[in-house]
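*Asks:* So the chains spell out like this:
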Amino acid sequence: MRCPAAAEGIYGGRLCRVAVVGAGVIGLSTAVCIAESIPSCAVTVLAEHFTPDTTSDVAAGILLPHPFPETPLHKQRCWFKDTFDHLLSICNSTDAAEAGVFLLSGWQVFQETPSTKDPYWSTVVLGFHMMTDAELQRFPKYKFGQSFTTIKCECSKYLLWLEKRLKNAGGQLHTEKITGFEQLTSSYDIIVNCSGLGSRDLADDQSLYPVRGQILRVHAPWLKHFIRDGNGHTYIFPGIHSVTLGGTRQKHNWEMSVDEADSSGIFERCCELEPSLKKSQVCSKLVGLRPTRNSLRLEREFFVHGNRQVPIIHNYGHGGGGISIHWGTALEATQLVKESINWRNPTSKL
Amino acid sequence: MGAWLSLLSFSYKVGPWWDCEMSFGSLSPLRYMRVAVIGAGVIGLSSALCIHDRYHSKVTPLSIDVYADRFTPLTTSDGAAGLWQPYLYDNGNTQETKWNKETFDYLLSLINSPDSIKMGIFTQSGYNLFTEPMPEPSWKDIVLGFRHLTPQEMKMFPDYRCGWFNTALMIEGKSYLPWLMDRLNERGVKFHQKKIVSFRELADRRVDVILNCTGVRAGELQPDPLLKPGRGQILKVDAPWLKHFIITHNPKTGVYSTPYIIPGSRSVTVGGIFQVGNWSEDNNSEDHRKVWEEGCCLVPSLKNARIMDDWTGLRPVRSSVRLDNETLQFGDKQCEVIHNYGHGGYGLTIHWGCALEAANLFGKILEKKRLTTHSRL
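Chains A and B, in that order, are what the protein sequence lines are.
Under our numbering, residue 350 is the last one in the first sequence; the count climbs by one each step, no gaps.
Under our numbering, residue 377 is the last one in the second sequence; the count climbs by one each step, no gaps.
FYI, nobody ran anything at the bench for these hints, they're computed from the structure.
Check each hint, because a few of them may be wrong.
When the alpha-carbon atoms are kept at most 30 Å apart in a straight line, the in silico DSBU-like pairs for lysine-lysine are as follows [as the list claims (entries may be wrong)]:
1) K303/B x K164/A
2) K101/B x K278/A
3) K140/B x K101/B
4) K141/A x K140/B
5) K118/B x K279/A
6) K279/A x K174/B
7) K118/B x K141/A
8) K155/B x K75/A
9) K303/B x K157/A
10) K117/A x K140/B
11) K98/B x K252/B
12) K174/B x K278/A
Kindly generate the complete structure, drawing on both the sequences and the hints.
*Replies:* Next up, the structure:
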């Protein structure tokens, strides 16, 4: 097994060509991670959609983990913590405004006391504690609540900032819809699949399904806190220039157009939580399909095409928690890429 | 704001301000009261509203006129960031803590009301930071969710050793003052753009009660060696990604002399100037530089924010709020004066409790004059 420093031996003196499929938060962060930490790689991002047309652009971008029923809890916590810590250092730097990353405090409230009062991520976010009775008085229908400070990562800015970081690290971006991995095997040595819901076709993964989310963006600059109903169906997430109101969680629903009944439902539920919203103006309505799977797929597979065996690192199925764990999964995918550089194609001659 | 300026110029065109009194001349002095409020900042307007609402049915007619040289948006209250937060310790002045609490509870009760946004009221959480451990503040049980910062949180502020987090309220003068003026206008209160130069001026016009809410310039009406200007200069910055207030403290240099950042509904206020004795209302470039550099040190992301404006205001600093009444004699005329000034850097924070107390003092004056409806002749 050759050591990493001798990569030039495997690739005949040239850089290892890595193709990252997908330009949402997963694709771009993974590409940046690879380009910045593995100098012997030449990274190209290939995608049909770039910001502002990705699923990530619709997401509010609040760091609050989404549960993966079949992924071990310690992994979920590790990915979340890596992402939180990474974004926290951006929050407190001069890059924060350009990156669209900032601290946000608020409350998660429950009509019924949850079974887990202290979830695994409570020690990752800042200042987590139970709401006092005085704090709960503003939410008369709710019995229990958690108060904490987390981070909001606005993808409309963050993805542009990641694209800039990628180019600074020598990476490239191409608009191209990849319908099969065989399109890439002759030009690339390693493929990283961050195609989200697209993996249903691209990786032939029928266990992946959409959970449709609709949101409203309203103008309400006096709102400085997030409020989320613990059942996940109603949430208010103030952003830089607008407030995201949500939402819906419609499994197996592929409908991308705005549903007016959903819009009214969202607005009413949010106004109940925060009455001042009645005075807000709706700026836009958007739909995103969360790429959902029982467990996140983060692993290496070998794709055989002709006489070539190309490693594919899959990094998809983040559901409603993509932004919350993106950096953690990017780090893990990068590690798999590092290990794959050492892997020798059994057909190559030395 | 524009509507109010045109209203004032209209009343000015009507004629000399004392002419409107002629129609009241025929009423018996026991059947009505004329109240003059001097000052149209948050103190003057809220006191007027409180007194009107409590006594307009007990004294008919209760005529209230507000006189001021400056109206919103040109008052001290308009420039203030609007964060509800008293100074850290009341030093035994529990009455002020009570007034602060009454104000907080009152504003909190309005937070879910339909008018909250028009009034400029909303919640905001944030940080108070210290270089050495400090006793907990007098207001810790008034605000919501008061707690000490965790070591993880303190890492975000490497120049500070410890601090607190809590949820407080914002009450923005630029919205609140026009709202107060609308309420007063609905109640028939009249406004006059005029600088009152003596209490006698009003006594001569048969004003029964004067509410002296003249803030930092109260000394011009009656010398008060305890009242001094606490000059402040702030920057208004466009940084909408900032969602928390951050107030730093240095017990050696005094309150608001070290950087603070308070996001509002339209801009972020960056400050850290408190110069006692300085009457200059001009913006100073050295102060601007200090505020900007120290603010960027505290919050690095500010470096890329656009500065929209500078503003200088004079906090009406006094060892304690003056809220009492005095009977003044001018020849054969007697006039009651309720003083309500000297609220320093916490006028918005304490205004409602003081307005309630001013109304209490007004009630005592009424009792003295025995002016209730069942004792009318």
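*Asks:* Hint by hint, say whether it matches the structure.
*Replies:* Hint by hint, here is what the structure shows:
Distance check on the hinted pair: K303/B and K164/A sit about 20 Å apart at the alpha-carbon level, within 30 Å; holds. Between K101/B and K278/A the CA atoms are separated by roughly 28 Å; this keeps the pair inside 30 Å, and the hint holds. For the suggested pair K140/B and K101/B, the alpha carbons sit about 10 Å apart, so the restraint of at most 30 Å is met. A C-alpha spacing of about 26 Å is found between K141/A and K140/B, which places the hinted pair at or below 30 Å, so the restraint holds.
Restraint check for K118/B and K279/A: the C-alpha separation of about 9 Å stays at or below 30 Å, so the hint holds. Between the alpha carbons of K279/A and K174/B the distance comes to roughly 18 Å, so the proposed pair stays at or under 30 Å and holds. Between K118/B and K141/A, the direct Cα distance comes to roughly 26 Å. Compliance with the 30 Å bound is thereby established for this hinted pair. Note on K155/B and K75/A: the hinted pairing holds, with a Cα-Cα distance of about 25 Å set against a maximum of 30 Å.
Proximity of K303/B to K157/A is assessed by CA-CA distance (about 17 Å); at most 30 Å being required, the pair is judged to hold. Pair hint K117/A plus K140/B holds up; C-alpha atoms about 25 Å apart against a cutoff of 30 Å. At most 30 Å may separate the alpha-carbon atoms for a hinted pair to count; K98/B and K252/B meet this at roughly 27 Å. Distance hint between K174/B and K278/A is fulfilled; the C-alpha atoms sit about 21 Å from each other, no more than 30 Å.
Checked against the numbered hints listed earlier, the structure breaks none of them; every hint is satisfied.
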